[in-house]
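Undergrad: Chain by chain, the residues run as shown.
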Amino acid sequence: MNRTAYTDSPPIDQVGVEERIARLTKRSIKKESKVTALKLALSMVDLTTLDAKDTLGKVKQLCTKAMHPHDALPGVPPVAAVCVYPNFVRIAKNALVGSDVKVAAVATAFPTGMSTRKVKIEETKWAVNEGADEIDMVISRGHFLAGDYNFVFDEIAAVKEACGDAHLKVILETGELSTLDNVRIASDLAMNAGADFIKTSTGKIQPAATLPVTLVMLEAIRDFYYATGKKIGMKPAGGIATAKLALNYLVVLRETLGHEWLNADMFRFGASALANDLLMQIVKEETGVYQSIDYFSKD
Amino acid sequence: MDQIEKNKVEESVRTHSNGQASKSQRVDVMKTYKLFIDGKFPRTESGRYYILKNSDGDTLANVCKSSRKDFREAVVAARKAQHGWAAKSAYNKGQILYRIAEMLESRKAQFVSELMDQGYTSVDAQSEVSASIDRLVYYAGWSDKYQQVFSSVNPVESSHFNFSVPEATGVVAILSPENVGLIGLVSTIAPAIVGGNTVVVLASSTLPLSSITFAEVIHSSDVPAGVVNILTGERNELLSHFANHMDVNAVVYCGNESSEIQKIQELASLNVKRPLIYSTNNWMKEEAQNPYRIMDLQEIKTTWHPIGQ
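Top line first, the protein sequences correspond to chains A and B. Using this note's numbering, read the first sequence as starting at 1 and increasing by one per residue. Using this note's numbering, read the second sequence as starting at 1001 and increasing by one per residue.
If we strip away everything but chain B, and leave its shape as in the complex, we get:
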């Protein structure tokens, strides 16, 4: 092979491996948005999905439309994980929440661009992601404090040492806010899990992308499988199952639809689960984070301990 031919071969290799022409032909590898159940990312068992479009009408993703069976599986996972999660030390749970904040911080750009894909302005997206990270740190800090603050030693007449301490409610089903992408998830999940509960969350159906990306963050933050389970799909399809499942101990509803609120409250009575209604539309403001959100999902246990003499 003479020198000219050699050059030709090298030239053709260059253009094919990393030249401009072949680069433009590369097919983008798109992420499949799936559910997050028991630490895994399954598709919905129903095989159904809906198409999420941006304001220009371009398809952003095919989003899983969860069925009641997906919800059932998620509750089984949450129940299995609850005892072990609640038994972890407060310090450890705080560390893990802080770890979620760290992971979220490191993927900030991705969350911002995903929110912008779904219609957020750059400024709004930036501030929502930052607020979400800060909120996780806020609840991480409360982890080893809320029990001290809200426990009490009670004066009683008899010779008993009488004290009350908060304990996790158990499995919490959350219908997260429709109008926000990320801050709604964080604001409802963080106070629930910091208190030793495990959760099954239905993401916003109009802004669902952050939920599964947030699941990836949780997946890489030492959160045990089953502690957080995230579903996407239609609220009106799943609402009654969230409210009447006998193995769910509390149901959190974020929204203002009075008919839905009534349904939640009625069905929750079946096993006397705790219904919590958060009607705020502004999840960014300071009031949306406070230790009472943790206490909303705690049961107070009072102990009568005999004292000697």
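This is chain A alone, in the form it adopts within the complex:
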């Protein structure tokens, strides 16, 4: 199949991407700007627990953390959403009543996507029915890499339909797509098929989110916006564990898509450890003293 069947995805200049990232990550953000950026980053976190050993108690605890990241310090915002497996959606929804924190559910046979379309659609509908505000789906990487773009496109469109009012985030699993060219094609494919967000990774595969991949996806979002006027969101996920790295992502976001994307409606971090590192840096900025994880709640 011709790669331009759906899109006219441009080839990606890998060296250029890396040079641009190298330049953008040299930015130094200090003092008030840093505090503002740290709080913004915290408000963009999708607090995530996607372990086979997850329990009811763990999910409830995660929801409390999402609403009250660190009450010891006033002015700390809640996170954007919690991200859980579909069977925990109702529990999370109930635990988050009265807050603006959203519930995101991974669906479509996460993380491999190895199932039938019928099962994936059923799972999506069920998760939405349970109360999920957002659905994080995975694409069928096998079909994508085999060049069967039609299959992937139709699948995303079908899941989008099953989502109804829920937002759809499409996980490209860039760690398995080998090249930045593929990342760009998958991004264009997902956006054309109806994704509200495009997301880098499941967090189960290494490498997960990286800055070069994120830049390529952000540029795809920009080009899609110029072509259609539709604003698609971005969610790097996996491997973003430090506040410093999160700020690098915000710089790349700001320089690629501008202010309109600089909020939790258009940009998310899929992470678990990141929230506490952001909190430690916020408290460090407020007190001038380096912090210890011992004084911050786990999840």
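Be aware that one or more of the hints could be misleading.
Claimed, not checked - So, partial list: chain A residues that the calculated Cβ filter (under 10 Å) puts toward chain B: (1) Met280; (2) Val283; (3) Lys284; (4) Gly288; (5) Val289; (6) Tyr290; (7) Gln291; (8) Ile293; (9) Ser297.
What the hints assert, rightly or not - Within a straight-line C-alpha distance of at most 25 Å, the following computed DMTMM-like cross-link-like pairs (lysine to aspartate or glutamate) qualify: (10) B:Lys1069 to B:Asp1038; (11) B:Lys1088 to B:Asp1134; (12) A:Lys31 to B:Glu1073; (13) A:Lys31 to B:Glu1237; (14) B:Lys1263 to A:Glu286; (15) A:Lys26 to B:Glu1045.
Rather than coming from a laboratory, the hints here were simulated on the basis of the structure. Heads up, the beta-carbon is just placed ideally off N, CA and C, and yes, glycines get one too.
We have chain A; now place chain B onto it with these hints.
TA: Below, chain B without anything else, positioned relative to chain A:
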């Protein structure tokens, strides 16, 4: 080519490759003294340095002036390494300390000449290096003994088996003595790590060379990365960060400045870290090594274990 020409060519090759003339033109390869963080030798992130001179005014080295961010990185490394280090068997920790002594012994001459470069007499340098090696062996020996000696089974009224054992305090920040080059480092690092702690040490700013050479010794002694981290730089710049970092569990201060001591004690209260003040100037004497130095950096855990019937 006739024989005479051949000889000329050979002659010129000889003088150029290893002849006297070219030998004197060889540029010495000087060591760059860097920091030791997480088992690696980075430069300070601040890019700052100070020039260390000998008594004749000749430059000995450019020494890194660590920043608070270097200290932060070192604490992260020490924290990461602490659990695994404490979990190693006492026997193994003893072996590793002994290994440090062995490595130090094999590089004795280098340490002696480095101390002499920094103003020591030959006799003083020799005896300090020897004492340092002996002190490492001393603490290596204590590794599998201090817990037996300082643990206790306690008499209690109820039907409990009640016992107390020492456990590592955690991450220890050490401001090592200013007036000695090597023995101060060894005397503060060895009792801390033998007890399962990990350390971040600020070396003497006037005698800093041995610290990084000692880091090379540690690097080649099976000490896991992050267990010992060594910084060089100015004490007054880093002192308050050593004392108030929330992820440091004890701070060791070697010196006599009362204003500094007061600052350490005040700031340490922030997370109730253990402040230890060693005011001795004589690190060579026998009293500077004893098992109580190990116990200074231990917390006693008491367990109440129900007994049957």
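Undergrad: Does the structure break any of the earlier hints, and which numbers would those be?
TA: The structure breaks only hint 9.
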